[in-house]
Amino acid sequence: MSGIEVKGAEKPAIVVLLGAGASVGFDLPDNRKLAAEVTNNLQHYRKRIIQIREVVKRAGVTDDIEAVLSILQFCEDPSKASRDLGPLSAILQTSAALCQYDLGIR
Amino acid sequence: MIARRIREYLVRRCFVNDPIVIDSIKTDYARFFRGLTARFGLALCDPGGESGTPSVDIFTTNYDNVVEEYARTIGVQICDGYEEIRRGNFRFDHAKFERSPDSLRLYKIHGTVTYARLANGLIDRVTYVPPRGPLVMAGQVAFPELIYPGSKPYLSAEPQLELLFLFKRALSNADVLLIIGHSLRDPNINEVLRQVSATNSKIRLFLVSPHAGSVIKSQLSAYGTRAIAIDKTFRSFEPSSDLT
Chain A
8 MSGIEVKGAE
18 KPAIVVLLGA
28 GASVGFDLPD
38 NRKLAAEVTN
48 NLQHYRKRII
58 QIREVVKRAG
68 VTDDIEAVLS
78 ILQFCEDPSK
88 ASRDLGPLSA
98 ILQTSAALCQ
108 YDLGIR
Chain B
111 MIARRIREYL
121 VRRCFVNDPI
131 VIDSIKTDYA
141 RFFRGLTARF
151 GLALCDPGGE
161 SGTPSVDIFT
171 TNYDNVVEEY
181 ARTIGVQICD
191 GYEEIRRGNF
201 RFDHAKFERS
211 PDSLRLYKIH
221 GTVTYARLAN
231 GLIDRVTYVP
241 PRGPLVMAGQ
251 VAFPELIYPG
261 SKPYLSAEPQ
271 LELLFLFKRA
281 LSNADVLLII
291 GHSLRDPNIN
301 EVLRQVSATN
311 SKIRLFLVSP
321 HAGSVIKSQL
331 SAYGTRAIAI
341 DKTFRSFEPS
351 SDLT
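So the protein sequences, as listed, match chains A and B.
Heads up, the first sequence is in the numbering used here, so the first residue is 8 and it goes up one at a time.
Heads up, the second sequence is in the numbering used here, so the first residue is 111 and it goes up one at a time.
A couple of the hints might just be wrong.
What the hints assert, rightly or not - Restraint-style ranges between C-beta atoms, simulated for each label pair:
#	chain 1	residue 1	chain 2	residue 2	range
1	B	ALA248	A	THR69	33 to 39 Å
2	A	ARG65	B	PRO320	24 to 30 Å
3	A	LYS64	B	ASP341	27 to 33 Å
4	B	ASN230	A	LYS64	35 to 41 Å
5	B	GLY185	A	ARG65	21 to 27 Å
6	A	GLY67	B	TYR238	37 to 43 Å
These aren't lab readings, by the way, just hints derived from the structure by calculation.
Note that CB positions come from ideal geometry on N, CA and C, so glycine has one too.
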């Protein structure tokens, strides 16, 4: 057990970081499965969610639920996203247009 | 509207109600916490010490109420940063963690299914999620807004800004970071880990995951031999024997 103990009587400071893998044993899906479940269960929005996931995948990003929500958050309030990103927002104008017209989100 | 429907789905899917699942949570987390306490000689939350639950900082990117359900069933005090300022009205106060040194402190970096914003703007605790239909609390439609995507910058958002800072501060003084079931894809968390690797030379990382080796190689290389892979699931992980 060497290497973790601290000198003297002081207890070591422990920090725990839990991810989705800590909950999968309790019938809770990870973020990828959540994206798949949402796609399959929200039939009314299925086509749009699939479109978003495909856009995300084409960009080389994992199309999990957080990626989908990130895109939707951006599409719902592009001006806030622009403020957050500053000058970088200039290159996202085309993406905003994509959300508004191609996906019919707004 | 889509985002709202997705968040409603997430609340329904990630809010644990099933007694069988809750019993499983109680068993597995009791074993985990007892092992952690025994391994490091940690101080306990409950004065009687019957549950063996340590007073420890738990950060999570999970939305679910698993740790909360463990604490509720075992009767342990939990601090999640929210305090009830009047009946049915909660607010986040990061200072509450400092005021709760004897609690199980839970920091939900990506948000939680356990709080929702009511139509009148107030934040209330979610105690029950109906199997279908809109989430209604205190006679009002409630919006599960407190779920935040993790892959976009949340640098200016409350309470994420505060929670990320608290994560960095906790790691700056930590001897051990125990990461369980995490893929480390959040760029903000990874940046904190990268910074801490340079400023806290005493910290050791243990990553418990069936993919621990590859995650360490791709995300934690800055830690060198201070990052240790434990190729196990949460359920098969034994803190008292695996943390060497």
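Hints versus structure:
no.	hint	result
1	B:ALA248 x A:THR69: 33 to 39 Å	holds, 38 Å
2	A:ARG65 x B:PRO320: 24 to 30 Å	holds, 28 Å
3	A:LYS64 x B:ASP341: 27 to 33 Å	holds, 28 Å
4	B:ASN230 x A:LYS64: 35 to 41 Å	holds, 40 Å
5	B:GLY185 x A:ARG65: 21 to 27 Å	violated, 50 Å
6	A:GLY67 x B:TYR238: 37 to 43 Å	holds, 41 Å
In summary, the structure is inconsistent with hint 5 from the numbered list given earlier, while agreeing with all the others.
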